[in-house]
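Just so you know, the protein sequences line up as chains Y and F, in that order. Going by the numbering used here, the residue at position 37 of the first sequence is 37; the numbering climbs one at a time, nothing skipped. Going by the numbering used here, the residue at position 244 of the second sequence is 244; the numbering climbs one at a time, nothing skipped.
Treat the hints as calculated values from the structure; they're not laboratory data. Note that beta-carbon positions come from the ideal geometry of N, C-alpha and C, so glycine has one too. Just to be clear, a hint being listed does not mean it is correct.
Partial pick of chain Y residues on the chain F-facing surface, computed with a CB cut under 10 Å [what the hints assert, rightly or not]:
#1 26
#2 40
#3 74
#4 82
Each computed DSSO-like pair below joins lysine-lysine, with the alpha-carbon atoms no more than 30 Å apart [to be verified]:
#5 F:318 <-> Y:27
#6 F:36 <-> Y:25
#7 F:101 <-> Y:51
#8 F:392 <-> Y:25
#9 Y:46 <-> F:375
#10 F:277 <-> F:87
#11 F:402 <-> Y:46
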Amino acid sequence: MHLLIISTITLLLSINTAIAAAPNKIKIMADACLTCHGPNGAGAGKIPELKGLEKSDITESLFGFKSGDEKSTIMGRYAKALSDDEINLLAEYFSALDK
Amino acid sequence: MSQLDRRTFIKLLGAAGVVSTTGGLIFPNNTAAGDKARVVVVGGGFGGATCANYLRQYDSNLNVTLIEPNIQFVTCPFSNTVLAGIKSIKYITHNYDGLRKNYGVNIIHDMVISIDAIAKKLKLKSGETLIYDRLVVSPGISFNWSEIEGANEENSKMMPHAWKAGTQTIFLRKQLEAMKDGGKVIIASPRKPFRAPPAVYERASLIAYYLKKTKPSSKILLIDSSGDSEELAMFRTAWEKLYKGMIEWIDGSEQGEIVSADSKILSLTGRTIGTLKGDVVNLIPPQHAGKIARIAGLVDESGWCPVDPQNFVSTLQKDIHVIGDACIANPMQKTGHSANTQGKVCAAAIVTELGGGTMPDITYSTSIYSFLNPKHAFSSAGVYRLKNGKLKQVAGGLSAKKASRKTRLKEAIFASGWYKGITMDTFGKT
Ligand SMILES: Cc1cc2nc3c(=O)[nH]c(=O)nc-3n(C[C@H](O)[C@H](O)[C@H](O)COP(=O)(O)OP(=O)(O)OC[C@H]3O[C@@H](n4cnc5c(N)ncnc54)[C@H](O)[C@@H]3O)c2cc1C
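Can you build the whole structure from these sequences, using the hints too?
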């Protein structure tokens, strides 16, 4: 019976690991950007790369697109959908991807 | 382990939602004792290929099998540039090597002919049967030929739809090439909803681009069942400037759609518009979800598949997700970008749910670029969020109505970037 409890705990722990392995909100939202910005955010054609940019450069662009101060052809229409928190977290995510 | 102990285990695990209905234990991470969860994806287009790819990215322990009859996939996006002689068919043709080699997706080139949602099995044309824990269906569209008297799959060679890319694109291109100067091209669009409505206007634009260069006395007649819209107004303004007098627009909405066709004399008849004859006829038939969705009982009376947009699970059949053009994801348009987005969300939802979690609040994005000529494009974008279980648009819209030549050129250049990005992302190229 002890053995059963121990293995049950081990199993439940493995389930918890599984939950931790599921993509979180920012990962899912960042992956949506790759459709245009290319695999790993490395850029696609003339659409700029995002990976490894300075976090402050990314937030500056995105807040600028959102307010309209930074001119864009399409990013303004996307950035308006993002909350300030999401912009900060996305910037952190992409800046942490290696060059 | 005794029977009783096993049952206790299953109960415990059941609370976390990881017991498959077949009774086997599914270990989301491939623990020593565990079975890998099997996810089968039907259809290797924008929705299915993306989903298979991201399922493996999100959980490399999943056993993911993609079933697609074709060894190569020819994209509808950019197929209008092939019609206009700007790009080659090779440019829009992709293979499945990336998914196989870079992401370990099992690929079976076969056709699914039936799905048993209760036994969680599906049958392939080759006779093989596959079992699954979760099924994702992304079969695209099929044509509702019965709505147009005299039109059918066989004679669609004479009046190509080119609304699935490949041989149909080549047929239409050859007919355009063979047409004499001064000829008339008819493009007839179907009633909504259908795949990528703006692509009808892009097609008219790019055919006009080709004709203006090579056969400048030719004309295009566009019978448009979508009727007037803000988007159409943008195209018409551009047509005035770029292709003055070449494209005649006919309102085919309000009962105006084509009801019969004669492929021998190349004529189309609509209830309100009478009979029109062309030298090249591009008849785009009414559409509904891909045939397998109907066979599997996934469609409602509209001919499309109702789903819960949180995870794209069918509201009609258990443990089956439907994504891409086939699903009802209003107000997201039926585009490759939408299908790609839905493929990722569906993959994330499957991995999250197998692990016992629930999906976070996220954005869903889509776009479609349209070329007016190789140096002039604009776009339509949309971002959506779930509100009370329904998708609501929170941002997006069309490119600026008035913009300089330079801005339209920039969008044309970004459109090519988009194509590169989405095809790499979808087909797992690195
Ligand atoms: C002319 C044109 C231009 C377009 N331009 C754009 C654009 O610029 N941008 C954009 O975002 N979208 C564009 N689109 C729309 C885009 O092509 C579709 O929205 C997209 O292909 C939908 O993806 P899907 O996965 O639903 O279907 P598809 O991409 O069509 O994939 C479906 C796949 O399922 C397979 N299949 C079907 N039945 C079975 C079965 N029983 N068993 C196994 N496999 C099966 C098919 O062989 C096919 O490969 C355009 C469309 C057209 C017609």
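Now the hints, each set against the structure:
The criterion of a C-beta within 10 Å of any C-beta in chain F is met by residue 26 of chain Y, whose closest approach is roughly 9 Å, and the hint holds. Taken as an interface hint, residue 40 of chain Y checks out: its beta carbon lies about 8 Å from the nearest beta carbon of chain F, inside 10 Å. With 10 Å as the threshold, the beta carbon of residue 74 of chain Y comes within range of chain F, its nearest partner Cβ sitting at about 6 Å, so the hint holds. Below 10 Å, beta-carbon pairs count as interface contacts, and residue 82 of chain Y has one with chain F at about 7 Å; its hint therefore holds.
For the given pair, residue 318 of chain F sits about 28 Å from residue 27 of chain Y by alpha-carbon distance, which is consistent with the 30 Å threshold. Proposed proximity of residue 36 of chain F and residue 25 of chain Y is supported: the alpha carbons are some 25 Å apart, at most 30 Å. Of the supplied pair hints, the one linking residue 101 of chain F and residue 51 of chain Y holds, its CA atoms being roughly 23 Å apart against a limit of 30 Å. As the CA atoms of residue 392 of chain F and residue 25 of chain Y are separated by approximately 18 Å, the hinted pair is consistent with the 30 Å bound.
Among the hinted pairs, residue 46 of chain Y with residue 375 of chain F is consistent with the structure: their alpha-carbon atoms are about 14 Å apart, no more than 30 Å. At most 30 Å may separate the alpha-carbon atoms for a hinted pair to count; residue 277 of chain F and residue 87 of chain F meet this at roughly 29 Å. Restraint check: the Cα-Cα separation between residue 402 of chain F and residue 46 of chain Y comes to about 23 Å, which is no more than 30 Å; the hinted pair holds.
Checked against the numbered hints above, the structure violates none of them.
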